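Student: For chain A, the structure is supplied; the task is to place chain B on it using the hints.
Residue-level listing of the chains:
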Amino acid sequence: MPDIIYFDNSATTCVYPEVISAVNEAYSRFYGNPSSLHRLGNEADIILQQSRQIIAKTLSTSDDCIYFTSSGTESNNWAIKGVCRANKRRGSKIVTTKIEHPSVLECFKYLETEGFSPVYLDVEPNGQVSSELVRETIDNHTILFSFILVNNETGAIQKAEDIIREVRFINPNTIIHIDAVQAYGKIPINLLRLDADLLTISSHKIHGPRGCGALYIKKNTRIVPILHGGGQEKKYRSGTENVPGIYGFAKAAVKTNSAMQENRKKYKALRDIIIKGLSESFSDKFYVNSPSDGYEGILNIAFPRVKAQVLMHHLETKNIFVSTGSACSSRRNVQSHVLTAMNLPKENIEGAIRLSFSGMNNEEQAYEFIDAIKEIIPIIKY
Amino acid sequence: MKTIILVRYEEIFLKGLNKPMFESRLMKNIRKVLYGLGAVTVSRSQSRIYVEPNDDNYPIDEAITRLTKVFGIASVSPVKKLETHKDTIYEEAIKMTKEILTRHRYETFKVETKRADKTFPLKSMELSSQLGAVLLKAIPQLKVDVHEPDFIVRVEIRENTYIYTEKIPSVRGLPVGSNGKATLLISGGIDSPVAGWMVAKRGVKLEGVHFYSYPYTSEKAKEKVIRLTKILSQYNLGMKLHIIPFTEIQLAINQYCPQEYLTIIMRRFMMKIAERIALENGSLGLITGEAIGQVASQTLESLLVTDNAVTLPVYRPCIGMDKSEVVEISRKIEAYETSILPYEDCCTVFVAKHPVTKPDLQKTIDYESVLNIEELIQNAIDNDEVMLIE
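These protein sequence lines map, in sequence, to chains A and B. To convert, note that position 375 of the first sequence is 396 in our numbering; the numbers rise steadily by one, no gaps. To convert, note that position 6 of the second sequence is 371 in our numbering; the numbers rise steadily by one, no gaps.
Hints are computed from structural coordinates only; laboratory data are not their basis. If a hint is listed, it holds; no wrong ones were tucked in.
Residues from chain B that keep clear of chain A, each with C-beta distances beyond 10 Å, as calculated:
hint, residue
1, 373
2, 440
3, 475
4, 502
5, 517
6, 533
7, 545
8, 599
9, 697
10, 731
In silico BS3-like links for lysine-lysine, alpha-carbon gap of 27 Å or less:
hint, chain 1, residue 1, chain 2, residue 2
11, A, 402, B, 585
12, B, 532, B, 697
13, B, 587, A, 339
Example chain B residues on the side facing chain A (calculated, C-beta under 7 Å, incomplete):
hint, residue
14, 580
15, 581
16, 714
Computed from a predicted structure; not experimentally measured. The C-beta atom is built at its ideal place from N, Cα and C for all residues, glycine as well.
If we strip away everything but chain B, and leave its shape as in the complex, we get:
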């Protein structure tokens, strides 16, 4: 008898003829995320995935923690795999129930049986009621509640018998890589990591671009973005991050363009650079953390002017969210504490006192046309610092 991990997925069921593609992507991702923990066999049977360690000392808990961050997985359970024999099943069920009672103050339970192997002499209902009686006898303080039990002892009789009592929810979504790649403009604030996470959740592989204005900002601002990327990278199975030196561009805008248009012109530069990097790396879209009306550069007028700078689609999953909703997700993915570190990613020197909230597209284009846009962009991209964040 050994402990294995049962992995369930949901949305992939609906994929019709493409289902095998999603399933094999998910299995590939599972192998990748568990890499380094020890040898395992990952197999698929009846729309479930089983992770079976080759070694008895395999770190099951660490593996489960990692699997709860893999998109495409609905839930995981640590499962005892044993030979199909009535006495063995009872013995193990008692042991597992006693174990779960040491960790939780549960009072009621029920037994659920699935019998795929019809050669087993007891029917599902019969085994459930008999096992229930055995458990009640072994642990007298427990009671049965078939409607709202505190926990469920699940027994599945297939080629072997599987018993489990826990079902740990994972992040759901679709396996990363099953939906291509997109480029995230990551700032170091709360919104952009959340935006990236939400798109990644739909199976998209992320690549990050950060604009860095040293020495107008601190090196700590860069470190912070690397830390945030590391958090996203756990969900994304590794992530490439481009650090683009942005000081020269900001200085040029600051010197030659009207104050109130600084931010919007800066945003257009960011989008243009991100698009070049995206196209070079096979990305099919850009992702930003913008939400309508949050700041001057996120009004509908401003977004129109920003979008006009690029032809790739721009995805903004936070667009209709309030700050508190974004914060909630940020906490859930454990990015919040890092996001609120006080290192600014953009110096106040480059922020106008009263930035325009309703920029005019033609005016913006006219204002920025005094700059040598192509040279500035090329220069920034030539000095791109690329790192692979695992």
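Excised from the complex, chain A in its bound form:
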């Protein structure tokens, strides 16, 4: 197999080899059901609780606030629907932003059919929600405010502490949910200082196995389960625990979190090489859609008069894998809702590709990417 340049780490990541062996080991040794009362069950339960402690520690919180789920999508669904159902009589207004992941936006859209009134906040051109807008929007009837900490398409980071302070000041009963799927393991999250009620994380974005996520729930938060059954996870999330997956999740969490500082430096370097390289040696124009103060590991760039999907497939022929938000389609108007919400011109949206890095990328790959762009863009420009 030829060398692959994988710049699509926000879509998913490759699983660390040591995580694969850990999962393997758990499957062969700890296959008991943690709910079983015999020894095999107990062993599995111990592994599960250890993993819970490890994940809790990476967030600077206590392990009884961590609930395992099957994915980031499930955690977001649970957080949003669970809060709405538990707080119906306190109000119907629920607030989020226009740049959320579909697993949040679609929940809000769905809850409208259950009688809730969603509000979608605009963002500034840098992808951040302004404190003023939060202050104007939150009121006494607002039961939930949900926002994405690191945006998956642009890397924009919300000023979470400022936002939370505003919300708490106006309505201390508003429950705050943070979608931290793209933030966990990438930027520091300290729940001692960050006063969120709920926070979503996912395993496969940090080199862990798929099918694993978690929801942090601050003690005494009013939320009801959405999955009912055998009463696992303290009756809050039924379904036999994915012990091997969770074990791998915890292993990956430790490694990714401890490499965080080093990785961010590396991503910053990759990002600078690409932006600088393209501005210096590439005669055509290009746009950087990612805010300069965003998360370094996500770089959204656009080339004028280029269809993103065509560019993506051409890069693919050179074994460079990136992603695109907009599809090459005349029939459907599929444009990135995130870039649209940032008020970017049409050209910036149509030709936008997203590069997302991991610790396994290196500078040589960034230079190869620049060379590929220089070769491809003149061919595919229309």
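Tutor: Chain B only, in chain A's frame:
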């Protein structure tokens, strides 16, 4: 006593002296479609075909599902074959009636008897009425309705006795292969699989050609066409698919020809390539999913210009249909869900904002003459990726 499958055909009756040819083709197709399910004997008697499993554990239901996708078959019935004896017949008829009542909420029935074996002592009418009485006695909640019964218990007395209660409709048409071969231009949309299916229904063996513009379109577009071909292949007893790389041609047209003529010139290239492949493979015509006026390249003027590129006849079974009618057939053949997957087979880069709706033939020929047509076509055909889709 064992279960066998009775296969009925209709149109083949009308074929006069050619009837044996159609019948043996149909039997061949039946053997082919049932291949792998277990050993069976396929025989023909009195204008019906019988599929008789050699093994009692034969998967009858799966066989019937497959037979309902064989062109030429009008209907099939799972049939109990037993020795001709009055008591055995009654006993089995009661059992079968009870069985069908567990699956349907039927209330009325009638018995129909055919007595080909005249040595059987009861006449048809006599057996029908006696068996009817036996069934009424055994299952008191049933009633007889000879005009509009919910179900019919059919008894046929031949060299053996056959009893059945179900008649499952199949796709009709003529056996595939009885009418030669034609080449289908398959795009990945809704229309072309339907067009192919309709021609195949008349006994024509299909061969598919798809034009692939990677990396301007996704590999998923190709996967989608393979999946659609797989669906058609079930009706077609296996199907060959040619994937023709088309990017070079599209780029050349895009660079050297006027924008509004891109699509029509592209269509002509597709037809020319399809015709070459057709002739190499013994096809006698081309099939497309075009319908008059659906898009710019499907006006009468455009179709005239497209047809001019080839000499083989072009069959367009959807030509007079509305989209909703095509969708209806697409759903019936279970292609619709795949057809509407969002992977485009042609990139918008190669689509003009305002394509010409009334192209002029001479102009089109002049515009495309700047291209090295022969070399482009030969190059594409040389890189043809052929696969056999079972």
